[in-house]
Amino acid sequence: MNTIKKYSGVLWIILAFAAIWFLFSRAGAELSAANVKPDKKIFWYSILPVYTPLMLGLALFGYYALKGEYDNLGE
Amino acid sequence: MSVILASSVGTLIEWYDFYIYGTLAPYIAKQFFPADNVTASYLAALGSFAAGFIVRPFGALFFGRLGDLIGRKYTFLVTLVLMGLSTFAIGLIPGYAQIGMLAPFLILLLRLMQGLALGGEYGGAATYVAEHAPANQRGYYTGFIQTTATVGLLLSIVVIISTKTYLGDEAFSEWGWRIPFIISAIMIAISVYIRLKMAESPMFSKIKESGKLSTNPLKESFSKRENLKMVLLALFGAVAGQGVIWYTGQFYAMSFMDTVCKIEFNTVRWILAAAIIVGTPFFLIFGALSDRIGRKWIMMAGMLLGILTYRPIYSKMLDISDTKKTEIADKGSKGTTFKVDAATGDSTIVTTTVKAYENGNTYKEVVTKKVLADKSKEQPKPETKGTVWLSSSNWWLMAFLVFLQILYVTMVYGPIAAFLVELFPTRIRYTSMSLPYHIGNGIFGGLVPYIATFLVASTVTATNPTGDRLAGLFYPMVIAGVCLIIGTLFLPARTDHTNDKEGY
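Going down the list, the sequences are from chains A and B. Note that the numbering used here has the first sequence beginning at 265, numbered continuously upward. Note that the numbering used here has the second sequence beginning at 16, numbered continuously upward.
Just chain A, same shape as in the assembly:
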């Protein structure tokens, strides 16, 4: 189980950065379009500053998992 936990750390790091990339690319595409509606602007300007640090937190969780920090928590 500890080996799976460890290697899954890579998955969480990749997932976190993929989520950040997805959010920024989607926001860029939608906000650069002509005649952007105000509700879209509100949405993206609130989502990006909130979810980016959370995804960095997920990456940090992945890093800790990779380092074996969660190996001895008990089954």
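Calculated directly from the structure, the hints in this document are not laboratory data. All C-beta atoms in this analysis are idealised placements derived from N, C-alpha and C, irrespective of residue type, glycine included. The hints are all genuine.
So the derived list for chain A, only partly shown, Cβ under 7 Å to chain B, looks like this: (1) Lys269; (2) Val314; (3) Leu322; (4) Phe325; (5) Glu333; (6) Tyr334; (7) Leu337.
Derived lysine-lysine pairs resembling DSSO-like cross-links, with alpha carbons at most 30 Å apart: (8) A:Lys269 to B:Lys244; (9) B:Lys234 to A:Lys331; (10) B:Lys384 to A:Lys301; (11) A:Lys331 to A:Lys270; (12) B:Lys45 to A:Lys301; (13) A:Lys304 to B:Lys385; (14) A:Lys304 to B:Lys396; (15) A:Lys304 to B:Lys384; (16) B:Lys277 to A:Lys301; (17) B:Lys392 to A:Lys301; (18) A:Lys269 to B:Lys234; (19) B:Lys277 to A:Lys305; (20) B:Lys244 to A:Lys331; (21) B:Lys277 to A:Lys304; (22) A:Lys304 to B:Lys400; (23) B:Lys400 to A:Lys301; (24) B:Lys239 to A:Lys331; (25) B:Lys45 to A:Lys305; (26) A:Lys305 to B:Lys396; (27) A:Lys301 to B:Lys390; (28) B:Lys277 to B:Lys370; (29) B:Lys396 to A:Lys301; (30) B:Lys244 to A:Lys270; (31) B:Lys385 to A:Lys301; (32) A:Lys269 to B:Lys239; (33) A:Lys304 to B:Lys45; (34) B:Lys234 to A:Lys270; (35) B:Lys239 to A:Lys270.
Over 10 Å on every C-beta distance to chain A, these chain B residues come out as not near it, computed from the model: (36) Gly86; (37) Gly167; (38) Asp184; (39) Ser188; (40) Ala288.
Since the structure of chain A is provided, determine the placement of chain B on it from the hints.
Here is chain B on its own, set in the frame of chain A:
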């Protein structure tokens, strides 16, 4: 039991205060957020609803630190007063028509204060009860605190429906929506009185007497790797998934019935109320069960059930309220009223069509068309409002589908207070458990209706004007899915063994 009752009443009132804003979002939008377009003003209100959620983690940090430094009792007394004053003030703020842009600004500010107060409240109440509870019954005892969020929502629904029914639609829309905010002052006064009589938590008092209090709970909680890793585990392995299941089961279900199924306002709230009443005892049942078999697998099962069944449940909800069913021709009716404004010469034509369907539902469509006397001006587009009334059997079926979702809520939420309390030591417990709780619930969960509404709107095209009405479920299913995998792999099956460890 008196400890549980005293802390639960205050927490329940705080949840009530917080949720009346969400439930009354369309009325607040109309009064405070200027817009020609109903959807835009609804989103603006929903945005400030989200602001109330986003600020919750900051309240968790601020009040959590206070709670670990000066004690649980005085901290959650302050959060209660702050919440009460903010809620009361929302009920008194004049609308946009009276004070212009100051009105939405003040509403947003008070909403942020509500969020801060709630951020400090829950961790205090859960910690306080857990620290009084016998070690082997922590899940059961904190289960009472877990009921408060749902019962607070129920109370908000009952107060809103009663006020609306008593005053009528027009008066409620004009000024009656303020009453649920204003009467909160009475409830808060009672709760403050009860809480003033409470004693400090025995575990906190013990470490205070022995001089083991943390001098800097924030630093100790988030800069020490051994604690930070547990905060991250709590968030990504449990609370984020619990948050989305909670808000999908209660708030998104309500928003979906309102805006997508277009079911009548009071009917939606009665359905939710019925589901909550039947579902609430399960918080205690799953809390108590978690004392016997551990917290982990109950929470994971709740997430798994949500992921597997949300789409079929919401698909059925759409089917029940569908207005494309076979119509009973001779049971329908149509009427038109015509009104001319003597001052401007503008006329308003209101066409009301009532249709009855074979599945027993009734649909009422009101089309309001304004014709300007000045023909050189651009004529406004007609406004259409559709409302569905469910047949008795469909009402019960809808209530059952919402109940299923509430049941998942009780599975993930019932054991989580005990789980979080057991994950962190007494000296930094209030701070450490409050932050992941409010990020998981306030941000991951609280934004479910906001993000789901946005996702559905993103699928709208010219050829498909309603869009994919189930697209909003994608968000909670993905978050719960990630959380389920992390929780299954990483969470220990039992956390109650920490009861006897030094410092716990």
